[in-house]
Amino acid sequence: MLDTMFSEDDVIFKKELNSLLDKLLPINWDHYPDETDDFHWELSKKIKLSLSINNWIAPSWPKEYGGGGKEVTKAIILSETMAYRMSPGNDRFATRMIGPTILKYGTSLQKKKILSEITSGKVQWCQGYSEPNSGSDLASITTKGDYNEETETITINGTKIWTTLANRANRMFILVRSLPGSKRHQGLTFVVLDMNNKGITVNPIKNIAGKFSFNEVVLKDVKISSENIIGKLHEGWKIALDLLNFERSGIDYIGWAERCLDDLISYSKKNRLNKYEMIFDSGTFKKSVAILKADLESAKIMTYKAIWKKSVSDDIHMEPSMSKILATEINNKVHDYALEILKDKIGFIDEDPQNNFVQRILNHRLFFVSGGILAGTNEIQKNIIAQRGLGLPK
Amino acid sequence: MNFNINETQSMLISSAKEVLSNKYDLKLINKRIDTKSNYLPGWKELQEQGFMGMLAKESIGGYGLSFHEFSLIMEVWGTYLCSGPIIENSIAGVLTLQKYNESKFSDILKKIIRNQYVITTPLSNQFYKKGNIPEIKKIKNKMYISGSLSKVPFFELSTHIIFIAKQNNNPKIIILPTNKINIEKVIFDLLGNKLVNIYIENNNISDDNFIGNDNNTHEIIDFMMNHMIISKCSEMIGASEAVLNKTIDYIKNREQFGRSLASFQSIQHKISEIFTLISETKELSRYLSKKINSNQKKYSSLLKIKCNESLNKIIWDAHQLHGAIGFTWDYGLHLYTRKILMNKSVLGDTEFHSKILLS
Ligand SMILES: Cc1cc2nc3c(=O)[nH]c(=O)nc-3n(C[C@H](O)[C@H](O)[C@H](O)COP(=O)(O)OP(=O)(O)OC[C@H]3O[C@@H](n4cnc5c(N)ncnc54)[C@H](O)[C@@H]3O)c2cc1C
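Each protein sequence line maps, in turn, to chains A and R. Position in the first sequence (first residue = 1) + 2 = the numbering used here. Position in the second sequence (first residue = 1) + 126 = the numbering used here.
Hints listed in this document are in silico derivations from the structure and should not be mistaken for laboratory results. Just so you know, even glycine gets a beta-carbon here, dropped at the ideal spot from N, CA and C. There could be a bad hint or two in this list.
Selected chain A positions facing chain R (Cβ under 8 Å, derived; list incomplete) [to be verified]:
id: 1; residue: 66
id: 2; residue: 138
id: 3; residue: 207
Computed list of lysine-lysine pairs in BS3-like fashion (alpha-carbon distance at most 27 Å, straight line) [stated by the list, open to error]:
id: 4; chain 1: R; residue 1: 424; chain 2: A; residue 2: 347
id: 5; chain 1: R; residue 1: 439; chain 2: A; residue 2: 335
id: 6; chain 1: R; residue 1: 408; chain 2: A; residue 2: 335
id: 7; chain 1: R; residue 1: 432; chain 2: A; residue 2: 288
id: 8; chain 1: R; residue 1: 157; chain 2: A; residue 2: 347
id: 9; chain 1: A; residue 1: 289; chain 2: R; residue 2: 378
id: 10; chain 1: A; residue 1: 185; chain 2: R; residue 2: 320
id: 11; chain 1: R; residue 1: 311; chain 2: A; residue 2: 345
id: 12; chain 1: A; residue 1: 345; chain 2: R; residue 2: 439
id: 13; chain 1: R; residue 1: 157; chain 2: A; residue 2: 335
id: 14; chain 1: R; residue 1: 439; chain 2: A; residue 2: 295
id: 15; chain 1: R; residue 1: 372; chain 2: A; residue 2: 384
id: 16; chain 1: A; residue 1: 345; chain 2: R; residue 2: 424
id: 17; chain 1: R; residue 1: 320; chain 2: A; residue 2: 347
id: 18; chain 1: A; residue 1: 345; chain 2: R; residue 2: 162
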């Protein structure tokens, strides 16, 4: 519906991207991308390489780093379309977190090395922020990153947790406490590291949908050179926060929600409500779907605005927080409504393997519990909107 | 008007807690989902403690508890995520047989109470889906029954099955031994409990297999459904209370920003909302469990709607309050989530009950 926001060139890009995905994804692909699954992982690697050949991994990055050199709308289309198609191969840790952060804070050497590696499609990144005792309160992290002036190395010791895809990743960006005895935001350093370094143990954690999507990462005497520091030593907090604003737009949730709603509409046209009418023909169904659609489109426009604003202005603003809340909530609402329509079909495991839609909606609804939690919980986003955005007292 | 739980009822709740609390193991329930094991926490324990006779009159060896008291035990049952045909035995079995055909079924009743017989019923699926009604035919003065029944819970554990059948298009309630029935298909619910689709093929039956008579079949069905719905709601309420307690424990002990999560006002508001929703649903359920009988379908529909809608909301809020830990398999919050999600459509979903309520 919001297609009118995009240029003719954007529309062509979307078409070309979709036909590439048509070629690469198995026919009727309707699985949530789960790169912990071997098949999905191989597919993810293949898709990344194909995107790379077209310079589409990061369509809006400068060409010198393998980007597409195009407007930010292309990046929006890429994320939204890949989410809608449920395609693996969109490494958001790389293209939406560390990449833009390096573009802004990295040295020219770091830009060349890290960004070009990302756009080659040959790496997978993960994010080492959260720790067992530091979730919402990121400034309380305790993982040590002791700096040795003589050798110009940092030695990392500590435990990170909930690290998505650490079991697949070969790179990690991580926030460490580099100044011994420092408190809260002071004395933190933002570094990148190779997951093949000695001293890193990855312990998978099973999630409520039964998958091992995230991990505990134990770092014991992991040594890295100072070239891997992004920004300045002990001054990593601002960078770490800025990265979160790149992360939070909620655009994937828009793609997932839209796909679920479209699939629900198709389902409603093929299945009966009762002897006399199809689900689609019921007034209540139409009304509910229409309301969801209106909420979805308005949430979508907020995610576009958040990404656009971040690309044109460096000010701290509340759009990413608002759009993250709106996108994760509408996605859950859409899935909740789908569960309501599927009713008693959802009470069983694998009842009918042919009917993947039911299992998918159920597993997704369980999985999307995480939407309101990761990338800064929705409560924390509300604090940001009230306090940083509206200037209300803390 | 009296909202109190009396001393005997408190003791009953405590003893149910004592029997059930050390038997449930979230790890084993998780394992049941993964491996489809036959883990039935609480079932054997309640049987061994004589709980199958809860609703049976003392004259036939039972405890003579009221349905209200039974529903209090169902809350405890739900709290510990217990599994087993407790509602099937107590409601479709003891309560119904005793009320409508005590003398005819006195032997069966005694055997249920002594754990020699176990009852199951697919009534929820039959009643709600309005499908799968086996047919009774008379051939040369003999009666035979044939047909399929789907999603029968705890079938392999059961000695008898109670279900709706039809004879010349009139509904009948039948009790049949399970030993001559074939299993056609096995399926599993969201918590890994086994259900089966069965086929009854020309089983010979007699008057002994009929529950009730030509005039009271509808009344008996309503009686069973109303009581089963309220029992199921009590179980869901118990599960939600466990979610509430787990969440309160967590937010009290988890610290962020140098203070316990429980000290943040927005968290206090959220947990208060959860508590209020559960409290109102529980009061409604407890009140109705005292009032219910066969001709008050609307009461049980009202309660089922309330449970479906309110308890669904509290599980998602509880997940949010837990942060990432609640998203893990091992922590086990998802088991309650699955239970509440699944039970939203067991014994009728909101749409189904809305029609009854507004009829
Ligand atoms: C699926 C998933 C994937 C993840 N992937 C990664 C990853 O790749 N890398 C990584 O570093 N981390 C990851 N995380 C962790 C995520 O960033 C944290 O879960 C998040 O920051 C919240 O922290 P917590 O889970 O410890 O919850 P807590 O901070 O303990 O919060 C629990 C509850 O308290 C609320 N709360 C906390 N503080 C306040 C406050 N001041 N006011 C009001 N309410 C408050 C929260 O909103 C939440 O509802 C992931 C999490 C999930 C669920």
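Status of each hint after checking the structure:
1. 66: violated (38 Å)
2. 138: holds (5 Å)
3. 207: holds (6 Å)
4. R:424 / A:347: holds (25 Å)
5. R:439 / A:335: Holds. Residue 439 of chain R to residue 335 of chain A sits at ~11 Å (cutoff 27 Å).
6. R:408 / A:335: holds (26 Å)
7. R:432 / A:288: holds (24 Å)
8. R:157 / A:347: With Cα atoms ~23 Å apart, residue 157 of chain R and residue 347 of chain A stay inside 27 Å; holds.
9. A:289 / R:378: violated (42 Å)
10. A:185 / R:320: Since the Cα atoms of residue 185 of chain A and residue 320 of chain R sit roughly 54 Å apart, the hinted pair is violated (cutoff 27 Å).
11. R:311 / A:345: holds (21 Å)
12. A:345 / R:439: holds (16 Å)
13. R:157 / A:335: Violated. Residue 157 of chain R to residue 335 of chain A sits at ~30 Å, over the 27 Å cutoff.
14. R:439 / A:295: holds (21 Å)
15. R:372 / A:384: Holds, at roughly 25 Å.
16. A:345 / R:424: holds (21 Å)
17. R:320 / A:347: holds (15 Å)
18. A:345 / R:162: It holds: about 23 Å lies between the C-alpha atoms, which stays within 27 Å.
Hints 1, 9, 10, 13, counting from the list given before, are not met by this structure.
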